[in-house]
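Please build the complex by placing chain B on the supplied structure of chain A, with the hints as guidance.
Take a look at the letters that make up each chain.
There are 2 protein chains.
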Amino acid sequence: VDRADKTLVRQLVLPLRTADLAELLELLRPDERQDLVEMLGTDFNPEVLSELDESVRDHVIELLDPKDLAAALTEMDSDDAVYLLEDMDEAEQRLILDQLPASERAALEQSLDYPEYSAGRLMQRELVAVPPHWDVGQTLDYLREAEELPHEFYEIFVVDPAYKPVGTVPLSRVTRSKRPVLISEIMETEQTLIPVEMDQEEVALQFTKYDLISAAVVDEGGRLVGVVTVDDIVEVISEEAAEDIRLLAGLGEESISDSVLQTSRSRVPWLMVNLVTATLAAAVIALFDATIEKMVALAVLMPIVASMGGNAGTQTMTVTVRALATRDLVHFNARRTIAREFFVGVLNGMIFALILGGLSALLFGNEWLGAVFAGAIMINLVVASLTGILIPLGLDKLGADPAVSSAVFVTTMTDVVGFFSFLGLAALILFY
Amino acid sequence: VDRADKTLVRQLVLPLRTADLAELLELLRPDERQDLVEMLGTDFNPEVLSELDESVRDHVIELLDPKDLAAALTEMDSDDAVYLLEDMDEAEQRLILDQLPASERAALEQSLDYPEYSAGRLMQRELVAVPPHWDVGQTLDYLREAEELPHEFYEIFVVDPAYKPVGTVPLSRVTRSKRPVLISEIMETEQTLIPVEMDQEEVALQFTKYDLISAAVVDEGGRLVGVVTVDDIVEVISEEAAEDIRLLAGLGEESISDSVLQTSRSRVPWLMVNLVTATLAAAVIALFDATIEKMVALAVLMPIVASMGGNAGTQTMTVTVRALATRDLVHFNARRTIAREFFVGVLNGMIFALILGGLSALLFGNEWLGAVFAGAIMINLVVASLTGILIPLGLDKLGADPAVSSAVFVTTMTDVVGFFSFLGLAALILFY
Chain A
154 VDRADKTLVR
164 QLVLPLRTAD
174 LAELLELLRP
184 DERQDLVEML
194 GTDFNPEVLS
204 ELDESVRDHV
214 IELLDPKDLA
224 AALTEMDSDD
234 AVYLLEDMDE
244 AEQRLILDQL
254 PASERAALEQ
264 SLDYPEYSAG
274 RLMQRELVAV
284 PPHWDVGQTL
294 DYLREAEELP
304 HEFYEIFVVD
314 PAYKPVGTVP
324 LSRVTRSKRP
334 VLISEIMETE
344 QTLIPVEMDQ
354 EEVALQFTKY
364 DLISAAVVDE
374 GGRLVGVVTV
384 DDIVEVISEE
394 AAEDIRLLAG
404 LGEESISDSV
414 LQTSRSRVPW
424 LMVNLVTATL
434 AAAVIALFDA
444 TIEKMVALAV
454 LMPIVASMGG
464 NAGTQTMTVT
474 VRALATRDLV
484 HFNARRTIAR
494 EFFVGVLNGM
504 IFALILGGLS
514 ALLFGNEWLG
524 AVFAGAIMIN
534 LVVASLTGIL
544 IPLGLDKLGA
554 DPAVSSAVFV
564 TTMTDVVGFF
574 SFLGLAALIL
584 FY
Chain B
154 VDRADKTLVR
164 QLVLPLRTAD
174 LAELLELLRP
184 DERQDLVEML
194 GTDFNPEVLS
204 ELDESVRDHV
214 IELLDPKDLA
224 AALTEMDSDD
234 AVYLLEDMDE
244 AEQRLILDQL
254 PASERAALEQ
264 SLDYPEYSAG
274 RLMQRELVAV
284 PPHWDVGQTL
294 DYLREAEELP
304 HEFYEIFVVD
314 PAYKPVGTVP
324 LSRVTRSKRP
334 VLISEIMETE
344 QTLIPVEMDQ
354 EEVALQFTKY
364 DLISAAVVDE
374 GGRLVGVVTV
384 DDIVEVISEE
394 AAEDIRLLAG
404 LGEESISDSV
414 LQTSRSRVPW
424 LMVNLVTATL
434 AAAVIALFDA
444 TIEKMVALAV
454 LMPIVASMGG
464 NAGTQTMTVT
474 VRALATRDLV
484 HFNARRTIAR
494 EFFVGVLNGM
504 IFALILGGLS
514 ALLFGNEWLG
524 AVFAGAIMIN
534 LVVASLTGIL
544 IPLGLDKLGA
554 DPAVSSAVFV
564 TTMTDVVGFF
574 SFLGLAALIL
584 FY
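Those protein sequence lines, which keep their order, are chains A and B. At the far end of the first sequence sits residue 585, using the numbering used here, and the numbering has no gaps. At the far end of the second sequence sits residue 585, using the numbering used here, and the numbering has no gaps.
Looking at chain A on its own, in the form it has when it is part of the complex (with noise of 0.2 angstroms):
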């Protein structure tokens, strides 16, 4: 982006995409962004906030005017402007629900009461609702009429009176029907119903398991408030299994626009999680300093046992935290997949114990070390499979999130069994 040339810069930009705009604002460094935004001005279109990342659009909404973006909020379906205002902290809040009207203050003010990460938050209170015994003639003439329906839809909701979902036609269905055909006689009445406090993550699984487009959110009584859209899904989907990846890493919220501090601040407290454990780890070591000062090829080969152990232990553990998040683990197969894994683990352990104890037998001229060496890498390819399912599921069962703590505790666990098992080994074996 160059300062001098505006009208040039104006023309490239402004038959953008609202994506392909954000992805520019992304790439830009923050003073060439703040340009780009002033350049543009009046022509900025505030949808574009919508697919900006969280740091970026910050930026963004700092360089414009409180009054457009209200303006903007009343054009925009009502999940999108509730996205962008709750990210923003509560005075910037207040700063533009003020500017709206009062109808639409309220309805986004309640929409902001639902916790975060619900259903609540996720729909739109804009939708498409009909009495089962209308025709598909009336329902036609409706939509052409109505004024205060959604931007775009894809299913209609059948309600009762009370307002409680009976049942959903799906668009085509309704324009592929003749005029006189009754509503009842189309809808499905096998529906999924979305409880409004339910969890984005539960939500998106309710999506994927019977391929949805859109489904009806109900409060507690039971009546149709809203309806989520298959679209905020697969942004859920993207943003949770990215979650997932970020958490078994050890990272936080952290994306690439981010500054060198935010990201060391991201980064810190896991490194300090794993400087505890390693530490666990060397006090192990330390207690059998005796033992390495009589034989040194032991401070040689205990990182093998560990790192072995730590990989095989991952590898379950990944397997089991996504299971669980896929809820392809329950109670039901839990015993099952527990003894799997067991016998995962003896048998890679004997296949690994073979390869390692021989070679560390001939490299070393010592049966004795192979032994030890073989035995240890033995158990702890065992206790990692084990520990790589136990940890996941117990951390589930006691309601907290596997992918968050499950790699501490599983390679703290396979350091310290692998360093314990062959040092232990070796002393008892070797040096008695």
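By construction, these hints were calculated from the structure, which means they are not laboratory data. None of these values were measured; they are calculated from a predicted model. A portion of the hints provided could be inaccurate.
As the list makes no split between identical chains, a pair holds if one copy fits it or if it spans any two.
Using 25 angstroms as the maximum straight-line C-alpha spacing, the simulated SDA-like pairs for lysine to any residue come out as follows [what the hints assert, rightly or not]:
# : residue 1 : residue 2
1 : 362       : 172
2 : 362       : 240
3 : 550       : 246
4 : 317       : 164
Just chain B now, kept in the frame of chain A:
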């Protein structure tokens, strides 16, 4: 599942939705699964197949009559049929394809000719296409009369006489317009066309970026050949994210319903790779066995250096792999991001060098040991940051999937550099 009570089981299972029946089949042991499928007999709904895990699906397909399977395929939209066929071996595919009417067989064979994981495999051929000069009334009449339409659809594609897409109309806009309005007046001309060979991961990125519900697929000549819908994309996004998580943890294609042998086989290769790299690290330690013999405290502290580096490297690598997958990291911002990682490495290196150097100097009463430890931590955290970003970037540039192999390179690097810098500095400073 109790074999005795066939009628009761049928009463419980038959009203289940297909996704729920699929979940039940996945949870059952193989022998129970066989009993259930046999009990259901001809009432078994083959649509369930497309919801099953691969290993369970293979098992259930074996239990079914190829004739019933072929009959079920003709009822499905073509994308679901292809999804079922593509995982079978060639003999099974032939057996079933031969039961189909010639026209359907040809269409399915053509779909199977597209490369795996391409848009061509993902798309369905059934779609709604109209010319731009039609009006809304003509379109609605066509929708009511036409026979070969998809089960559900959300958008209508507008094509020119050469069958090239010229626009898209959301179905809701058709229903909201009056009958005399021309399609060309209400269509969106800004559309996302998917080339038939595009990789499914790239297709999913397009859907996420532009919030699409469906998108037209075009052949090399630019003609409309099919449509990809968002429900398939939801599947792809979940799969691709799960794949990245699996690959980063060194896992093959593996699901919770696999057997002990299948699981062991999927995990051994990575453990084998880890064996080689751990041995490399051990060889570095062996270089310094004389140094360790002089001071066993080195053996106690050295795993901390390696482990801190490994964790810091994994953090950077995970962020980088994700950013490459979501196209947040591209050529344009690569250099800036590398610089940022370098500074994060320096900053975190200083923090942990100070903490660990200070503690170890106090604990062992040897400030030179503390200095060596601090220096090694500093070096290894900077190296970890740099390899954590440069290795995935390099693999990506070479056309390899950075999720597959980054982890090996990064942890090998941090182990080797960790041990070498710590023991090397110790040999130089403490004993020279």
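TODO: Would you list, in rising numerical order, the hints stated earlier that this structure does not obey?
DONE: 3, 4
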